[in-house]
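All chains, full assembly: derive it from the sequences and hints.
Quick note, in the working numbering, the sequence shown goes up one by one and the last residue is 407.
Bear in mind the hints are in silico, worked out from the structure with no lab data behind them.
This structure is a prediction, so every number in the text was calculated from the model and none was measured.
One should not assume that every hint holds.
Said to hold, decoys possible - In silico SDA-like pairs for lysine to any residue, Cα to Cα no more than 20 angstroms straight-line:
hint	residue 1	residue 2
1	K402	V49
2	K402	R123
3	K402	R40
4	K402	L50
5	K402	A110
6	K402	R187
7	K402	A101
8	K402	A181
9	K402	L51
10	K402	C73
11	K402	C97
12	K402	F192
13	K402	R209
14	K402	R70
15	K402	P48
16	K402	Q114
17	K402	A99
As the list claims (entries may be wrong) - Each pair of labels, with its calculated beta carbon distance range:
hint	residue 1	residue 2	range
18	S208	D285	47 to 55 angstroms
19	P151	R281	13 to 21 angstroms
20	P403	A200	44 to 52 angstroms
21	P403	A282	38 to 46 angstroms
22	R281	V150	46 to 54 angstroms
Ideal Cβ placement from N, Cα and C applies to all residues, glycine included.
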Amino acid sequence: MPPAHGPIPLAPRPVAILLAASLLAAAPGRAEESARLRVGEALLEPVLLSTLPGFAGDDLAASLAVFRATCARPAAPVLAEAVPGAPGQDLTAACAAAAGVTPAGARAFFEQHFVAYRILRPHRDAPAERIAGFLTGYFEPELDGSPVPTPDFTVPALARPDDLVSLEPGETRPGLDPALRAARREGDAFLPYPDRAAIEDGALGSRARPLVWLRDAVDLLVLQVQGSGRVRLPDGRALRLAYDGRNGRPYTSVARLIVASGHLPLEGLTLARWTGWLRANPDVARDLIRRNASYVFFRVDDGAPEAGPRGAAGVPLTAGRSLAVDATLWRYGLPFWLDGTMPDPEGASTPLRRLVVAQDTGSAILGPARGDLYLGTGARAGATAGLLRNPARFVVLLPKPGAAP
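Next comes the structure, spelled out in structure tokens:
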């Protein structure tokens, strides 16, 4: 969903502030906090790109290509920029400058046109928690399906209904709960959109238009959680479904409900394990899935099959370089430096230090130091995504004010 307010120009920051002391050991005092930039609950602490471990060795040409792809889409304003102390996020000048940069000049481009800020959460007690955000992974599943209902394919993936009104961040409708992010239009009135259980029970009536039929409710849940997917049809064709809005109801993690109910332990919980448990326990699974009131609708994506699915920014996602962020706080196209670990399905882990670009969002991605890294298509990407739920340090690259093209 595109953000809703225009940018506030960011004043130039002196070099002395750019070299400000780290907040690793203690929370900042009130005077120091008030002078810093803020995004949501977080303070932004300036750092030098050259001091970030691994920055010099990263494939910044790949990040530049992803950044340029996002620049090709119209920029949307960001709700957070209306908050006093929030930074400007206007990428116009940086996008113009990126057009003529060669792959060899990628590092110089990011250093010349952006200022890096470590995202800090000063209200956390431990110093390590102040600098650690939370990173998860998502992927594009590959599922079996049918263009018509059959005994093997009984659950529809629905197209966006024509009465669904999606609300921008910060946008409301008279008489509608501000927590709801969508509404149902009835004449001149706006009503809460039906929740998952009501939709499954037929609340949409003739507006329920199946695009394809899946094997079961678990496959539909996986497709909705990931936001897109490829569906293999019986004749060998592959159909890509892309996110096309949701009912605006709050999202509840079914995997978390399984753990909270004592059915499976959190340790070692993978996508394959919790979806397998749901299929083995269909009666309990139906109740747990219906407790997630959020419901996602789709459209057929006729883009190039070799490209990734389109994220909320409207451009194909790139495995390992596209990040989903809280779109009420961050503009699509902003680069982020991640410093964490990447799990391996075989049980190992490797350092994750790379420059990624905000190109997507998700209903569970909330807060300034929260990200969801797109990892690709298929089972192996899904296995890795299911394991990636680790603390990670986030550094945002904000455009320098007045940077000339």
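Practice task
Kindly indicate which numbered hints from before are broken by the structure, ordering the numbers from low to high.
Solution key: Per hint list: 2, 6, 8, 12, 13, 18, 21, 22 violated.
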